[in-house]
Amino acid sequence: MYRMYQNLMVSIAYQVLNNRADAEDAVQESWIKILRIAERIGEPESSSARNLAAIVTKRTAIDFYRRNRRTAVIPLDEAYMETPYPDPSETVPEKCTLADAMAALPPVYRDLLLLHYDQGLAPAEIAPLMSMTEANVRKTMQRARKKLESELERIQQS
Amino acid sequence: MNRITDQQLKEAAAEVREQMASGLPDCPERTEDTIFDRYPAVLDAVRELEEEKKRRKARMAGWIGFAAAAAAAVILFVSGSPIFRPELQGKPDAAWTGEKQSGDTQVLAPGQQPGGAELNSSGDTFSDEESPESASISQPNDQIPSSDGDQTVPSPSKADVSEGSAGVPSMSVEVTVPAALHKFYPVEGRTGSVQALVREDASDIRDYSDDEILPWLEADLKDSGAFRLGRYAVYEAGAGLDELEVVQDPGTGGWYCPEAREGHRYILSAETESGRIVFGVVQRSSRAPQE
Numbered sequence: 001m002y003r004m005y006q007n008l009m010v011s012i013a014y015q016v017l018n019n020r021a022d023a024e025d026a027v028q029e030s031w032i033k034i035l036r037i038a039e040r041i042g043e044p045e046s047s048s049a050r051n052l053a054a055i056v057t058k059r060t061a062i063d064f065y066r067r068n069r070r071t072a073v074i075p076l077d078e079a080y081m082e083t084p085y086p087d088p089s090e091t092v093p094e095k096c097t098l099a100d101a102m103a104a105l106p107p108v109y110r111d112l113l114l115l116h117y118d119q120g121l122a123p124a125e126i127a128p129l130m131s132m133t134e135a136n137v138r139k140t141m142q143r144a145r146k147k148l149e150s151e152l153e154r155i156q157q158s
Numbered sequence: 001m002n003r004i005t006d007q008q009l010k011e012a013a014a015e016v017r018e019q020m021a022s023g024l025p026d027c028p029e030r031t032e033d034t035i036f037d038r039y040p041a042v043l044d045a046v047r048e049l050e051e052e053k054k055r056r057k058a059r060m061a062g063w064i065g066f067a068a069a070a071a072a073a074v075i076l077f078v079s080g081s082p083i084f085r086p087e088l089q090g091k092p093d094a095a096w097t098g099e100k101q102s103g104d105t106q107v108l109a110p111g112q113q114p115g116g117a118e119l120n121s122s123g124d125t126f127s128d129e130e131s132p133e134s135a136s137i138s139q140p141n142d143q144i145p146s147s148d149g150d151q152t153v154p155s156p157s158k159a160d161v162s163e164g165s166a167g168v169p170s171m172s173v174e175v176t177v178p179a180a181l182h183k184f185y186p187v188e189g190r191t192g193s194v195q196a197l198v199r200e201d202a203s204d205i206r207d208y209s210d211d212e213i214l215p216w217l218e219a220d221l222k223d224s225g226a227f228r229l230g231r232y233a234v235y236e237a238g239a240g241l242d243e244l245e246v247v248q249d250p251g252t253g254g255w256y257c258p259e260a261r262e263g264h265r266y267i268l269s270a271e272t273e274s275g276r277i278v279f280g281v282v283q284r285s286s287r288a289p290q291e
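Listed in order, the protein sequences are those of chains A and B.
154 is the number that my numbering gives to position 154 of the first sequence; each next residue is one higher, with no gaps.
154 is the number that my numbering gives to position 154 of the second sequence; each next residue is one higher, with no gaps.
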């Protein structure tokens, strides 16, 4: 997995942190997190493993960013949510599938849903990957589902 | 509001994952180093994780052991083991108070009919106050020669006393520890009794009163042959650690102590093949000398 995804992970972390050394630190921490769920990861070359590496790295890089810029006024989640993903209302197509709506969710919501429903991880396993408490993971997933349902309904009505 | 099922979410998540994975940049594989070369902290984490797994396994083994011990206790209870016989529990320490009990050891004068053997389950010596006057273990089914050598005294049915050979002094201590006893051994306890008894498999560790233990030992002794493992040593109770000579009767294979005197108490310690001293017992019988 290291051979396959190391460069990808550094690249993702660098996009968030814009600093090579910080990106390396974030990737190292990501590997340690991934190690803890290593038994749950299937084939290293699968899209599932690739996606997991990406999600964990991005989230860890964001944590690094938050730690390094504690004094910053702009909340990082905002940056995280907005940087690579446009507003869902703009991207959800008219003929909306559930997958489209899920892809258009704010990244935190989407990542949680992916880790839980696609990777099959329990909230307790997701919590350290996302630097959240287990209770927070549960609550956020609940919100994500609700948001997904309301988005679907809004699109259907429109 | 639309209700989304878990199954729908799983399917959607798989689709999103494929989209996302394909959207990730293609980065070349890294072959010039390993993760541990690059991130030593990962190696530490691996070690820590392995330690944690070991600890978890040890904890699990502990719980399994506890469950097995509990199951063994239940089985013993259900099977009516003497350990759980209520009539043997909570009674005064009659076995050690000099109160005579049926089938108990008797100290016999030469020529007198042997009534049994006295048992102390401790591995340590014991004092006069703690004398196991009535601690009976086993009695021979054989007939034992009387003191004058010409009178054969029929032994009680429980008797299991080894028989000495001719030329043995008139008073001897015969130590016959059955093999079954190797599963008992004393843990430091009060003198003259078995305070803690540990089974061979260590599954049943607790304190036992003399009243509990003596009938149990009796039962074990009754059906067992002589204890023939390892080394024996006999000490006089309260007289230090000077070993008494133990002689084996070539005829019967029984063991006895020519120096032993009537009215004194003795401790046998027996050592198993594994090297552990497993039991202390006094079996006292007054033996008639054989001409």
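If you are wondering where the hints come from, they were derived from the structure by calculation, not from laboratory data.
Please read these numbers as outputs of a predicted model, since none were measured by experiment.
No residue lacks a Cβ here, since even glycine has one placed at the ideal position from N, Cα and C.
Check before you lean on any hint, since a few could be wrong.
What the hints assert, rightly or not - Within a straight-line C-alpha distance of at most 30 Å, the following computed DSSO-like cross-link-like pairs (lysine-lysine) qualify:
{"id": "1", "chain 1": "A", "residue 1": "K147", "chain 2": "B", "residue 2": "K53"}
{"id": "2", "chain 1": "B", "residue 1": "K54", "chain 2": "A", "residue 2": "K33"}
{"id": "3", "chain 1": "A", "residue 1": "K33", "chain 2": "A", "residue 2": "K147"}
{"id": "4", "chain 1": "A", "residue 1": "K33", "chain 2": "A", "residue 2": "K146"}
{"id": "5", "chain 1": "A", "residue 1": "K139", "chain 2": "B", "residue 2": "K10"}
{"id": "6", "chain 1": "A", "residue 1": "K33", "chain 2": "B", "residue 2": "K10"}
{"id": "7", "chain 1": "B", "residue 1": "K53", "chain 2": "A", "residue 2": "K33"}
{"id": "8", "chain 1": "A", "residue 1": "K146", "chain 2": "B", "residue 2": "K10"}
{"id": "9", "chain 1": "A", "residue 1": "K33", "chain 2": "A", "residue 2": "K139"}
{"id": "10", "chain 1": "A", "residue 1": "K139", "chain 2": "B", "residue 2": "K54"}
Stated by the list, open to error - With the Cβ distance kept under 7 Å, some of the chain A side facing chain B (calculated, not the full set):
{"id": "11", "residue": "Y14"}
{"id": "12", "residue": "I32"}
{"id": "13", "residue": "L35"}
{"id": "14", "residue": "I37"}
{"id": "15", "residue": "S47"}
{"id": "16", "residue": "N51"}
{"id": "17", "residue": "Y65"}
{"id": "18", "residue": "A99"}
As the list claims (entries may be wrong) - Sample of chain B residues with no beta-carbon within 10 Å of chain A, all distances over it, derived:
{"id": "19", "residue": "K10"}
{"id": "20", "residue": "L24"}
{"id": "21", "residue": "E29"}
{"id": "22", "residue": "A69"}
{"id": "23", "residue": "A71"}
{"id": "24", "residue": "V74"}
{"id": "25", "residue": "V78"}
{"id": "26", "residue": "S79"}
Okay, the hints, checked on the actual structure:
no. : hint            : in the structure
1   : A/K147 to B/K53 : violated, 39 Å
2   : B/K54 to A/K33  : holds, 19 Å
3   : A/K33 to A/K147 : holds, 28 Å
4   : A/K33 to A/K146 : holds, 28 Å
5   : A/K139 to B/K10 : holds, 19 Å
6   : A/K33 to B/K10  : holds, 23 Å
7   : B/K53 to A/K33  : holds, 16 Å
8   : A/K146 to B/K10 : holds, 16 Å
9   : A/K33 to A/K139 : holds, 22 Å
10  : A/K139 to B/K54 : violated, 33 Å
11  : Y14             : violated, 11 Å
12  : I32             : holds, 4 Å
13  : L35             : holds, 6 Å
14  : I37             : violated, 11 Å
15  : S47             : holds, 4 Å
16  : N51             : holds, 5 Å
17  : Y65             : violated, 19 Å
18  : A99             : holds, 4 Å
19  : K10             : violated, 5 Å
20  : L24             : violated, 6 Å
21  : E29             : violated, 5 Å
22  : A69             : holds, 31 Å
23  : A71             : holds, 31 Å
24  : V74             : holds, 34 Å
25  : V78             : holds, 40 Å
26  : S79             : holds, 43 Å
Consistency with the previously given hints fails for numbers 1, 10, 11, 14, 17, 19, 20, 21, ordered from lowest to highest.
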